[in-house]
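K.L.:
Sequence:
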Amino acid sequence: AVQVGGNTVTPDSIKNNYQYSFKTQTGGLSVSTSQTVNASSNYVWKTTGTDHELFFRDLDAVDGAVHPTGETSLNVKHRHSKFINGRNYVADVRITNGTDTEDHDNWIMFSELNQPDVIPISNYIQLTDAQGGKIVGIESLMGDLAVLMENGIFRLSIPSADPTQWSLSESEENIGCLSENSITAWETGLFFAANDHLYYLDVNFRAHPMTATIKDDYQSAVTSSARTFYDVKKNRLLCRFGADGATIYSLDLSSFPEERW
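Heads up: the sequence shown begins at 85 in our numbering, then just goes up one per residue.
If you're looking for bench data, these hints aren't it; they were derived computationally from the structure. Values in this document were obtained by computation on a predicted structure and should not be read as measured data. Positions of the beta carbon are idealized from the N, C-alpha and C atoms, including for glycine. Be careful, since some hints might not be right.
Simulated pairs of lysine to any residue, SDA-like, Cα-Cα distance not exceeding 25 Å [what the hints assert, rightly or not]: (1) K166 with E234; (2) K161 with P243; (3) K161 with I209; (4) K218 with R178; (5) K218 with P200; (6) K166 with T134.
Pairwise CB distance ranges, derived in the manner of DEER restraints [claimed, not checked]: (7) E257 with G170: 44 to 50 Å; (8) G216 with T272: 27 to 33 Å; (9) R141 with S251: 34 to 40 Å.
Take these sequences, add in the hints, and give me the full structure.
P.N.:
Given below as structure tokens:
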């Protein structure tokens, strides 16, 4: 029980506290006169006539619910994204702490478990290829993360429970990816365009050249505008090697791994 002042109960005093409620005057708050009660440092109860209002003083309170990561910034922008094992992995990122902005084109960042939009800036993995290139794209490879950079390709084994325990399981630093739009997942592997060939990266992380029979055509046409698309209905890979949208190559996947263009 709390009483402010002397023995006389004044209109702005709390007579009794009852855990989640309080009593001011005998019979409750008067509706015939104005009354203001400072319930605590944050709350004020005010009665005017038949109106009863509760005011909250914002004493530097955090807006909304407190985030589980505390004060860690969540302002993360990214170019590439892939959801694997309950986490969202993003690459080629821009992060900010509210004052400074940083671009990291060779970083992979990951979200909290089952919270794909919550990517603290402390959750990152940095990769470096032989010539300091950037990440061109990322893709899932049998639960692992395939990272395709300008001058190399890498396979990361990342435990979903604790991605900080990631490990580089395999790498190929003689083959790089030329275009993010050329990366297409198919069955247990993925296709991507490099400078010398269109490759198929299988589950064992072996890169198979798929343009040996049209090598001259491919190398004379390929640019960073290369694109591939999987035609589910006809089980074929449609390819545009350069910026020429009128010339489309079709790879018949029903005879894979044999080349049939």
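K.L.:
Indicate, hint by hint, whether the structure satisfies it.
P.N.:
Verification of the hints:
A threshold of 25 Å between alpha carbons decides the hint, and for K166 with E234 the separation of about 19 Å falls inside it, so the pair holds. Simply put, K161 and P243 have alpha-carbon atoms about 23 Å apart, close enough for the 25 Å limit, and the pair holds. With a CA separation close to 15 Å, the supplied pair K161 and I209 stays within the 25 Å bound. For the hint pairing K218 with R178, the CA-to-CA distance comes to about 13 Å; that is within 25 Å, so the pair holds.
Between K218 and P200, the direct Cα distance comes to roughly 23 Å. Compliance with the 25 Å bound is thereby established for this hinted pair. With a CA separation close to 57 Å, the supplied pair K166 and T134 exceeds the 25 Å bound. Take E257 and G170: their Cβ atoms lie about 30 Å apart, and the range 44 to 50 Å is violated. Between G216 and T272 the beta carbons are some 31 Å apart, a value that agrees with the proposed interval 27 to 33 Å.
Look at R141 against S251: about 51 Å separates their beta carbons, and that is not inside 34 to 40 Å.
Hints 6, 7 and 9 from the earlier list are contradicted by this structure; the remaining hints agree with it.
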